[in-house]
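Novice: Sequences and hints are given; from them, build the entire structure.
If you use my numbering, the sequence shown corresponds to residues 763 to 845, in order.
Just so you know, not all the hints are guaranteed correct.
To be verified - DEER-style ranges, computed between Cβ atoms: (1) 838 to 785: 16 to 22 Å; (2) 773 to 828: 29 to 35 Å; (3) 775 to 832: 18 to 24 Å; (4) 775 to 821: 25 to 31 Å; (5) 784 to 829: 30 to 36 Å; (6) 831 to 781: 28 to 34 Å; (7) 838 to 804: 19 to 25 Å; (8) 782 to 836: 27 to 33 Å.
It should be emphasised that the hints constitute simulated quantities derived from the structure, not laboratory data. Beta carbons are placed, not taken as given, at the ideal position from N, Cα and C, and that holds for glycine.
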Amino acid sequence: MSDLDPVARGSEGTAFRWFKGLPVTPPLINRVGDQIGIHGGNHRYHLAHYYRTDRMPFLVLNEDLPAVLDLLPTAVVRIEPAA
Numbered sequence: 763m764s765d766l767d768p769v770a771r772g773s774e775g776t777a778f779r780w781f782k783g784l785p786v787t788p789p790l791i792n793r794v795g796d797q798i799g800i801h802g803g804n805h806r807y808h809l810a811h812y813y814r815t816d817r818m819p820f821l822v823l824n825e826d827l828p829a830v831l832d833l834l835p836t837a838v839v840r841i842e843p844a845a
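Specialist: Right, dumping it as C-alpha cells:
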C-alpha cells in the first residue's frame, strides 16, 4: 500500500486501489476436495463478485494447476516465468 491509500486493509482498500487504477495482487487459489480454496483474497473475490466482474485473475501454483483446471475447465491460463 502507498502513503496515498486512505484505507490500508479489507474491501475498502481493494475498492480504492481498483478505482484509482492501482495494481491489486490476484488471490492464490487451489483445489480443496471438490471446491476451490481462496488463500488471502476473499475481500478481492467478494468485491469482484458483488460488482459482477466478468473475469478475475488468480494465481495458481504449477503443482495445483491440473486439479484447479479440473474444476474450472473454461479457465484461461497465462503462464509467466518466476521472478
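Novice: Would you mind marking each hint as holding or not holding in the structure?
Specialist: Hints, verified against the model:
1. 838 to 785: 16 to 22 Å: holds, 19 Å
2. 773 to 828: 29 to 35 Å: At roughly 32 Å between Cβ atoms, residue 828 and residue 773 fall inside 29 to 35 Å, so the hint holds.
3. 775 to 832: 18 to 24 Å: For residue 775 and residue 832 the Cβ distance comes to about 33 Å; the hint is violated.
4. 775 to 821: 25 to 31 Å: With a Cβ separation near 19 Å, residue 775 and residue 821 fall outside 25 to 31 Å, so the hint is violated.
5. 784 to 829: 30 to 36 Å: Since the Cβ atoms of residue 784 and residue 829 sit about 32 Å apart, the hinted range of 30 to 36 Å holds.
6. 831 to 781: 28 to 34 Å: The hint (28 to 34 Å, Cβ to Cβ) holds, given that residue 831 and residue 781 are roughly 32 Å apart.
7. 838 to 804: 19 to 25 Å: holds, 22 Å
8. 782 to 836: 27 to 33 Å: holds, 31 Å
Violation of the numbered hints given earlier is confined to hints 3 and 4; the remaining hints are satisfied by the structure.
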